[in-house]
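Assemble the whole structure, with the sequences as input and the hints as a guide.
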Amino acid sequence: MTADDNNKRSGAGPLKGLRVIELGSTVAGPFCARLMADFGADVIKVEQPEGDAVRSMGTRREGRSLYGASIFRNKRLVSINMRQEEGRQLVRRLCLDADIVVENFRPGTLERWGLGYDDLKKENPGLILVRISGFGQSGPYSNRSGYGVVGEAVSGLREITGDPDRPPPRVATSLTDYITGLYGAFGAMMAVVERHNTGLGQVVDAALYESAFSFMEPHVPAFQQLGKVAERAGSRLPGNTPNSIYPTLDNRFVVIAAASDPVFYRLAEVIGKPELEKDPKFRTAVARAENEDDCDRHISDWTRTKSVEQIEEELLAANVPAARIYKMDDIFDDPHFQAREMLVHAEDPALGDVAVAGVVPKLSGTPGVIWRAGAQCGEDTYDVLESELHLSREEIDRLERNATVKSAAASVGQEKEQEENSVGASE
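If you number the sequence shown the way the numbering used here does, the last residue is 435 and the count never jumps.
Any given hint could turn out to be false.
For lysine-lysine, the following DSS-like pairs were computed, each having C-alpha atoms within a straight-line distance of at most 27 angstroms [as the list claims (entries may be wrong)]:
{"#": "1", "residue 1": "LYS314", "residue 2": "LYS289"}
{"#": "2", "residue 1": "LYS24", "residue 2": "LYS130"}
{"#": "3", "residue 1": "LYS335", "residue 2": "LYS370"}
Simulated from the structure, these hints should not be mistaken for laboratory data.
Here it is, written out as structure tokens:
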């Protein structure tokens, strides 16, 4: 870490002064801690010697994980073998000096390692432990392993995704992991506020299936009161018409959301059918929801005659919410993404200038900042063990020889060896 990087890290964001230890892996835990890192928390990520699984997900360039360049940003990265007792003691020392610990192991794992909340809070009563798991820390399913897609399946969210005549698809990103990471970070911030009153920390129990289930909000009372089972509705939003995607002349799709009466009447004018405002089938939002096929047909007949640019221009001029379905090249070309700093460029030693998604949300007084791209596994092992645990270089060298810790140099060598073996196997 350069001196300039350290200055940026220590001087920015409303969470400055909070120390976060990230023990999580894959997506939910690292995203949770990344949110806090973006707003100034000092996040120390602990990886096992083989590295976080995210490093093998997605695409790579120059031996670097492009996914990791974003989700590991703004963090100090150490590699400690938590399967060894000496490694667990190093992690314990880091946790005892922390405000927040984020983990997403299977429930019971930290307890077996002597790192459970009851163990840690004896010496650090203000500690906040964010625990992310598939099914929570209690209940008959708590010991089940769980990924985000499993949580989506159990929550019912997956069942209502996609077209009714096809199997339920997934979103091509780790959606439920991100939702749960967001809830975990929100829970941690509430616990920090409460700690100001009591001086005590607490456990934030964030379950993947519950986080996904929270998005099923409108369908819960509908089943309890009416016995209505939510089903897949394709691109439509049930009970809210028109609110769907429509084909264009240039083989694109445009989203049009005009369910409220005033907006629908403006839409009817634009598509050249002002008489729809007086038609009993379309006069009210309830009537349109009951006649959605007919309503969508009128709109599609119009969109098929125009390019996506023409549709956007005409509808936006009439104050009708609409947008093309963006592809990534649309996003990189869009001036609004640039103006809102949603494409931020961070420096990576191998990748150079790497673009990552910007900080959300925008704070007017103490905005978040991206000061560093996600580094290699073990990039800061020596720095953290020296500065935070006051170990000597000789002691760290011994730990590395014993495979208790690993530095970035060893990680790079291991990654190159894995890539060479992979190429050889494919040939």
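Numbers of the earlier hints that this structure fails to satisfy, in rising order: As far as the earlier hints go, not one is violated by this structure.
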